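**Q** What follows is each chain in one-letter form.
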Amino acid sequence: MIRFENVSKTYEGQTKAALLNVNVEIEKGEFVFLVGTSGSGKSTFLRLVLREHRTSKGHIMVAGKDLNRLASWRIPQMRRQIGTVFQDFRLLPNKTVAENVAFALQVIGKPRSHIRKTVPEVLELVGLEGKQDRLPDELSGGEQQRVAIARAFVNRPMILIADEPTGNLDPATSEGIMKLLDRINRTGTTVVMATHDVSIVNQMRKRVIELENGHVVRDESRGVYGYQH
Amino acid sequence: MRLNYILSDLGIGLKRNLSMTIAVVVTIWVSLALFGSALLANEQVGLMKGNWYGKIQISVFMCTKDTGGRGCSGAEVTQDQKNRIRQVIESNPDTAPDGVFGESKKDAFAQFQKLYKDSPIASTVTVDQMQESFRVKLRDPKQYQNLVSAVAGLPGVDNVQDLRQYLDPLFKALEGVQVGAYISAGLLLIAALMQISNTIRLAAYARRREIGIMRLVGASNFYIQLPFLLEAILAALIGAVLACGTLWLGVYFVVMRRAQETFKVWQWVGATETFRATLIMVVVGLVLAVIPTFLTTRKYLKV
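Protein chains in written order, with the numbering used here: chain A, 1 to 229; chain B, 1 to 303.
The shape of chain A in the complex, shown without the other chains (with noise of 0.2 Å):
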């Protein structure tokens, strides 16, 4: 699903280099933890998969493209196959929820019957059937990351990126968006998820990829956070 060949990114006027000499292979319905410390490399990781920028060497194929090859004008298309979500949510506060979430459909212009049957589907998935009026912010911050899913989700993306989601969180709220992430990776979902978070990258015992300085240092395949010595 996902493919870095030889993949190095040096941002413009850095000498460091982001990412070098990446490669990973991640299947199609996989849970992949993206660890490291800031400035490992995760968000540049990250960000070559929306294409929000082009790498500096080698290639990306997502979904079977060549991002290098890929058109500008198609790009837009490509992000539509994937959901992103972040740490601070990014939704829109003069909206409820399920405009919200709704937004998401309107721009990429799908219809409006297909948004009022989606939407309410989606909302009851990440659990927050009757709240779909309610502004983001009277939510809880694990409601407004779940509306964030809802919103990455709603188009049933193949791949969905979660960079540090539950980052603003506390270990009890963040058990719970760790469930609703595995729920969506069950439906086949490819998960890509950067994370600090120690206890959560053990619990779930999933494959581990650390990132150090731009380097792949470990990358295995039911691992827990940092070394086991």
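Do not rely on the hints blindly, as some may be mistaken.
Mimicking DSSO-like on lysine-lysine, the simulated pairs with C-alpha atoms at most 30 Å apart in a straight line are [as the list claims (entries may be wrong)]:
#1 B:Lys106 <-> B:Lys65
#2 B:Lys299 <-> A:Lys16
#3 B:Lys299 <-> A:Lys65
#4 A:Lys131 <-> A:Lys117
#5 A:Lys95 <-> B:Lys15
#6 B:Lys15 <-> A:Lys110
#7 A:Lys28 <-> A:Lys65
#8 B:Lys299 <-> A:Lys110
#9 B:Lys299 <-> B:Lys15
#10 B:Lys49 <-> B:Lys142
#11 B:Lys137 <-> B:Lys117
#12 B:Lys114 <-> B:Lys137
#13 B:Lys299 <-> A:Lys57
#14 A:Lys95 <-> B:Lys299
#15 B:Lys117 <-> B:Lys105
#16 B:Lys105 <-> B:Lys82
#17 A:Lys131 <-> A:Lys95
These are computed hints drawn from the structure, not numbers from a lab.
No experiment lies behind these values; they were computed from the predicted model shown.
Dock chain B against chain A, hints included.
**A** Leaving out everything else, chain B in the frame of chain A:
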């Protein structure tokens, strides 16, 4: 549904930037109105030129005993000389067919008496003091130099008068005014351009969250740009309509009601020219709105 959404978005955008939108509308209004006036002034000068130059004739005055021109020798022009001069004029390619008319001393005297009938000099001149002349119509009023130089200096020619030498400075001055109008209109249009791009920048900044999410979920660039485009086009159209209205009012009150009544002999710009000018204004207004919007929003869409 999509249109619905875009329209509601447009309404929100306009409300949010109401003061900036008004500023844009006013700038476009004033600059386009000035631009339209410059266009009309251009047409007017053209009409006046056609009018005046069409009436221009060259007067070739011939020698009398008292004249001291280059071709004169202190004697009256002879019949031979007159024939020769007429022949030169008629054979010149710039002379209009049948464009030569000879004015005798008697004709000149009658003309003089008519022009100065209330003046004491009318009674002091005699027929004999008048100059004979040829009045020449030109094929193309702009092509006169060739004829003037061919005739000037011929034996028997006192001097050659060309009205253009009096009209040209007038038109030069008018053209200067026109250039000034175009330059100030151009400066204002540039100001409008910058103001629109600034307004769009502010609007894009105000909507950066929405834009960020739209890009993330894969909205097409055109879809993201559309509200901004509509906003700019709407502002430009309102400004253009106001400018066109201003121009029509100006033409109606200044030209149709005043100038045309006062100076009936001249041709004045009318509905046709004004309509043409307003069409150009609307097009310029739209271009003015669309180009900076595209350029400014592109920056926000680039990733």
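**Q** With reference to the structure, classify each hint as holding or not holding.
**A** Each hint tested on the structure:
Note on B:Lys106 and B:Lys65: the hinted pairing holds, with a Cα-Cα distance of about 16 Å set against a maximum of 30 Å. A threshold of 30 Å between alpha carbons decides the hint, and for B:Lys299 with A:Lys16 the separation of about 26 Å falls inside it, so the pair holds. Taken as a hint, the B:Lys299 and A:Lys65 pair is honoured in the structure, with Cα atoms around 26 Å apart against an allowance of 30 Å. Taken as a hint, the A:Lys131 and A:Lys117 pair is honoured in the structure, with Cα atoms around 16 Å apart against an allowance of 30 Å.
With a C-alpha separation of about 17 Å, the suggested pairing of A:Lys95 with B:Lys15 holds against the 30 Å cut-off. Between the alpha carbons of B:Lys15 and A:Lys110 the distance comes to roughly 27 Å, so the proposed pair stays at or under 30 Å and holds. Between A:Lys28 and A:Lys65 the alpha-carbon distance is near 14 Å, which keeps this suggested pair within the 30 Å criterion. With a CA separation close to 26 Å, the supplied pair B:Lys299 and A:Lys110 stays within the 30 Å bound.
For the given pair, B:Lys299 sits about 24 Å from B:Lys15 by alpha-carbon distance, which is consistent with the 30 Å threshold. The suggested pairing of B:Lys49 with B:Lys142 holds, with an alpha-carbon distance near 10 Å, which does not exceed 30 Å. At roughly 27 Å between alpha-carbon atoms, B:Lys137 and B:Lys117 fall within 30 Å of each other, so this suggested pair holds. Only pairs whose Cα atoms come within 30 Å are accepted, and B:Lys114 paired with B:Lys137 is accepted, the gap being roughly 23 Å.
Of the pairs offered as hints, the one joining B:Lys299 and A:Lys57 holds, with about 25 Å between alpha carbons and a cut-off of 30 Å not exceeded. Restraint check for A:Lys95 and B:Lys299: satisfied, since their Cα atoms lie roughly 26 Å apart, inside the 30 Å limit. Of the pairs offered as hints, the one joining B:Lys117 and B:Lys105 holds, with about 17 Å between alpha carbons and a cut-off of 30 Å not exceeded. Taking the CA atoms of B:Lys105 and B:Lys82, the gap is about 13 Å. The hint holds against a cut of 30 Å.
With a C-alpha separation of about 13 Å, the suggested pairing of A:Lys131 with A:Lys95 holds against the 30 Å cut-off.
When held up to the earlier numbered hints, the structure conflicts with none and fits them all.
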